Amino acid sequence: MSTPTPPPRPEPSAFAEVYDRYADDVHRYLRRRLGGDVADDLTADTFVAAFRAWSRFDHAAGSPRPWLFGIASNLAAKHRRSEVRGLRAYARTGVDPVASSWSDAADDRVAAQALNRELATALSELSAGERDVLLLVAWAELSYAEVADALHLPVGTVRSRLNRARRKVRTTLSPGTERVAVRPLTALEARGGNHG
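Okay, so the sequence shown: first residue is 1 according to the UniProt record's numbering, each after it adds one.
Treat the hints with care, since some could be wrong.
[As the list claims (entries may be wrong)] Ranges between beta-carbon positions, derived for each pair: (1) Arg88 to Pro12: 17 to 25 angstroms; (2) Pro12 to Gly36: 37 to 45 angstroms; (3) Ala60 to Glu11: 16 to 24 angstroms; (4) Val84 to Arg56: 18 to 26 angstroms; (5) Arg167 to Glu17: 35 to 43 angstroms; (6) Ser55 to Arg88: 22 to 30 angstroms; (7) Thr157 to Arg21: 22 to 30 angstroms; (8) Phe15 to Ala145: 22 to 30 angstroms; (9) Val155 to Ser13: 33 to 41 angstroms; (10) Arg92 to Ala53: 21 to 29 angstroms; (11) Gly129 to Ser63: 34 to 42 angstroms.
[Said to hold, decoys possible] Each computed SDA-like pair below joins lysine to any residue, with the alpha-carbon atoms no more than 20 angstroms apart: (12) Lys78 to Gly156; (13) Lys168 to Asp45; (14) Lys78 to Arg28; (15) Lys168 to Ala44; (16) Lys78 to Ser55; (17) Lys168 to His152; (18) Lys78 to Arg117; (19) Lys78 to Glu125.
Hints in this document: simulated from the structure, not taken from any laboratory. Predicted model, so just to flag it, every value in this text is computed and none were measured. The beta carbon of each residue, even a glycine, is placed where N, CA and C say it ideally should be.
Produce the entire structure from the sequences given, and follow the hints as far as they go.
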C-alpha cells in the first residue's frame, strides 16, 4: 500500500507576499472583534492554517483575501464568549480596541464614542452568524460574494443575515442615532455596486 504524498506547500517567499499584503487587514479585523492579545495569536494562526492549506485554495478564484477572512472568522468562532465580553466592555467604557477617530473635532469624537458604545451593545446582541456577516462587510470590507466564499454560504443567505443584523442594530440604538450609527458600521452605501 502506498503512502499518499503530502500536498505541495507554497514557496515561503511567495507566501510571504500574501502575508505582507493581508496580515494587517486580518489583524485589524480580529483585533476589533476580540482584542489585541487574541488578535495577535489568531492572526498568526490564520496564516499558519493558510500556509498548510494553500494547496486547497482555489487560485482561479483570484485574491486569497476572502479565504483568509474565512479562516480568521472560523478561528474567531472559538472565541465567541471573548468577543461578546469585549463588545460589552466596549459598550461600558467606550474604548475602541482599534484606535480610530471618525472626526478631528473633540466634540465630534465624544459624540462618536457614545454612539460606538451603543453599537457595541447592539453587536453583542446579534447571533454569531449575523455578527460574522455584518462585521466581514463592515470591518473587513468584503463584498457579499466574498463573504459568501469566506463563510461557505449562499449569497442569498449573506444578504438575509446582513438585512436581519442591520434591522436588529437599528432597533437597539437610540432614536435619532440609528442612521448615523448604521452607516459607518455597514459602509455599504458609500461602496454601492461593490457588493452585488
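Here is how each hint holds up against the structure:
Taking the beta carbon of each, Arg88 and Pro12 are about 41 angstroms apart, not inside 17 to 25 angstroms as hinted. Our hint of 37 to 45 angstroms for Pro12 and Gly36 is violated, since their Cβ atoms are close to 27 angstroms apart. Restraint check, Ala60 to Glu11: a C-beta distance of roughly 19 angstroms satisfies the suggested window 16 to 24 angstroms. Against the hinted window of 18 to 26 angstroms, the Cβ-Cβ separation of Val84 and Arg56 comes to about 31 angstroms, which falls outside the hint.
One distance hint, 35 to 43 angstroms for the beta-carbon pair Arg167 and Glu17, holds here, with the actual separation near 40 angstroms. Hint check: Ser55 to Arg88, Cβ distance near 40 angstroms, so the stated range 22 to 30 angstroms is violated. Roughly 28 angstroms separates the CB atoms of Thr157 and Arg21, a value that falls within the hinted 22 to 30 angstroms. Taken as a hint, the range 22 to 30 angstroms holds for the pair Phe15 and Ala145, whose Cβ atoms sit roughly 24 angstroms apart.
Separated by about 35 angstroms at the C-beta atoms, Val155 and Ser13 satisfy the suggested range of 33 to 41 angstroms. Between Arg92 and Ala53 the beta carbons are some 38 angstroms apart, a value that contradicts the proposed interval 21 to 29 angstroms. Distance hint check for Gly129 and Ser63: the Cβ-Cβ separation is about 24 angstroms, which falls outside the suggested range of 34 to 42 angstroms. With a CA separation close to 25 angstroms, the supplied pair Lys78 and Gly156 exceeds the 20 angstroms bound.
At roughly 32 angstroms between alpha-carbon atoms, Lys168 and Asp45 are farther apart than 20 angstroms, so this suggested pair is violated. Proximity of Lys78 to Arg28 is assessed by CA-CA distance (about 18 angstroms); at most 20 angstroms being required, the pair is judged to hold. Simply put, Lys168 and Ala44 have alpha-carbon atoms about 33 angstroms apart, too far for the 20 angstroms limit, and the pair is violated. For the proposed pair Lys78 and Ser55, the alpha carbon gap of about 24 angstroms is over 20 angstroms, so the pair is violated.
Only pairs whose Cα atoms come within 20 angstroms are accepted, and Lys168 paired with His152 is rejected, the gap being roughly 23 angstroms. Simply put, Lys78 and Arg117 have alpha-carbon atoms about 24 angstroms apart, too far for the 20 angstroms limit, and the pair is violated. Under the criterion of a C-alpha separation no larger than 20 angstroms, the hint pairing Lys78 with Glu125 is consistent with the structure, at around 17 angstroms.
Hint compliance for this structure: hints 1, 2, 4, 6, 10, 11, 12, 13, 15, 16, 17, 18 are broken, all remaining hints hold.
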